[in-house]
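Trainee: Chains V and G supply the protein sequences, listed in that same order. Going left to right, the first sequence walks through residues 5 to 310 as this note's numbering numbers them. Going left to right, the second sequence walks through residues 8 to 190 as this note's numbering numbers them.
None of these hints come from the bench; they were simulated from the model. Model, not experiment: these values are computed from the prediction. Please note that the accuracy of each hint is not assured.
[What the hints assert, rightly or not] To give an idea of the interface, some chain V residues facing chain G are shown, with a C-beta separation under 10 Å as derived from the structure:
1) F21
2) Y39
3) P40
4) L59
5) I75
6) L233
7) N280
8) S283
9) I285
Virtual Cβ for every residue (Gly too), placed ideally from N, Cα, C.
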Amino acid sequence: MDVQHYISSGILESYVFGMLPEEEQIEVEIAALQYPDIRAAVRALQQEKERFVQLYAITPPSVIKEKILAIIHEEEAAAGNSMELQPKPSLSDPTSQQQYKLPSSNHHTIKPKPIIHKPASKSSSDLKWKYATAAIIIVLVGSVLLNFFFFNASNDYEGRYKELIATREKLDEQKEQQNQTAYQSPSNNTNSSLKDPDFKLTHLEGTSNYEGSSIDIGWNNHSNAVLLLAQLMPLPPNGKQFHLWAIHNSTFKDAGVFNTGANMTKVWQQMKEIKNADSFIISLQTVGSTTPPAKEEIIMSGHRTQ
Amino acid sequence: MGATLTYTEVELVQGLSTRDEKVFTYLYDHYSPALYGVALKVLGEEAAAGDVLQEVFVKIWRNIDRYDPSKGRLFTWMLNITRNTAIDSLRSKNHKLEQKVTDVNSASLMYEPQLAVHLSVDHLGLSKVIERLQKDQRIIIDMAYFKGHTQEEIARSLEIPLGTVKTRMRNAIIQLRTLLKQV
């Protein structure tokens, strides 16, 4: 593909400003993953669009914020029937289809909301009161059942949502293992590790050929664990591999090889443990190479967050 | 906006994934003016734009796992949701197919200065940028981005060949880029 011709054809501008039919959109997305120059051009255009829309920025009425927060509070509390709050499905909206594709899940044992059952009055012998009491009992029993039903339904929805996320993470993990068995797959507690305040994130941005690429490194200087997220990084050329190195006192420490590409954009990959690091660098080296990279092999670098 | 950021993009995404309301509130405070501005520009009506903004943030909260960083930054994703939701709303309302023709004819009017918008962006010194875009370039960006017209529709409305639409769009963005750089 003539990359420069493609970039100057106007297709990228049309893509970023949302006027391409779906098949052409996909074509651009694939090209952007394959060619760093195209990806960089798309990124630059997206940022221009971001600046452009700021021209129209206007503070919304404060009541909207309150309404939104009330909705998400309600959802989180799972007190009601959260299914009611779902937006209408929309063909052109990229996010809305997901809600309708949730897989079935295991049923969780949920305790129903406690409902206090008051005994009916014994003193009344009047037939009318008997009927009234019977009606109240029926309503109460119905209420308990409904509470149980809705509580279960809303919690089941939460469970399925979580399971969907877990399933996806698992699939990503499996893909990674298939690609390169030598790599360590991320442990199940990756997410909880990242919440540890000792975990510091270092963001690396690519330059020249890797302009627009970005990688995040999480390093815990107590446990020495290192995690890497190849957020936006193409596949390496044939016969080459991307390698993470920590630098401490001007010496290179091997932190391992990692996967990149579309499947890895959300997967935190567990790297080799590092005791000390002043900065992190990414190199592009020949497959199998374990020696520190030459200067021209270094494609990204960043000082670690203090 | 960048200067005041206290969360990195990854932290924002992680915060949303872990249902952190503090992160969500931060996201709202920082991005709602831009998103509301887009919705307002598409719909031209505050109440409808407010409804769209509400729907958009609930979608962001629910669907953060659908965000794919390989396609762009979080802000770009949120903008896409906003634009699509607003255009859906526009279409589902009273804007029938014939009205698109009217829209084109009145497209230049859409760029009449809006006091509120200018007040909010004057500190950035950007308010004159839109006015400095050439009329036909303003029209094509407006039709494509804010009205959601396809290339075919634009070609038909402007009576230009389909291939010219992309070239003209590119020229419009190049001019916009030059103007943004001068600010």
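Trainee: Evaluate each hint against the coordinates.
Mentor: Results for each hint:
1. F21: Given a least distance of 5 Å, the restraint on F21(V) holds.
2. Y39: Hint on Y39(V): violated, closest Cβ of chain G at ~13 Å, above 10 Å.
3. P40: Hint on P40(V): violated, closest Cβ of chain G at ~13 Å, above 10 Å.
4. L59: At 5 Å from the nearest chain G Cβ, L59(V) passes the 10 Å test, so the hint holds.
5. I75: holds (6 Å)
6. L233: This hint holds: L233(V) lies near chain G, its Cβ roughly 7 Å from the closest one there, short of 10 Å.
7. N280: violated (23 Å)
8. S283: Not OK, violated: S283(V) not within 10 Å of chain G, min 17 Å.
9. I285: For I285(V), the interface hint is violated, since the closest Cβ of chain G sits about 19 Å away, which is over 10 Å.
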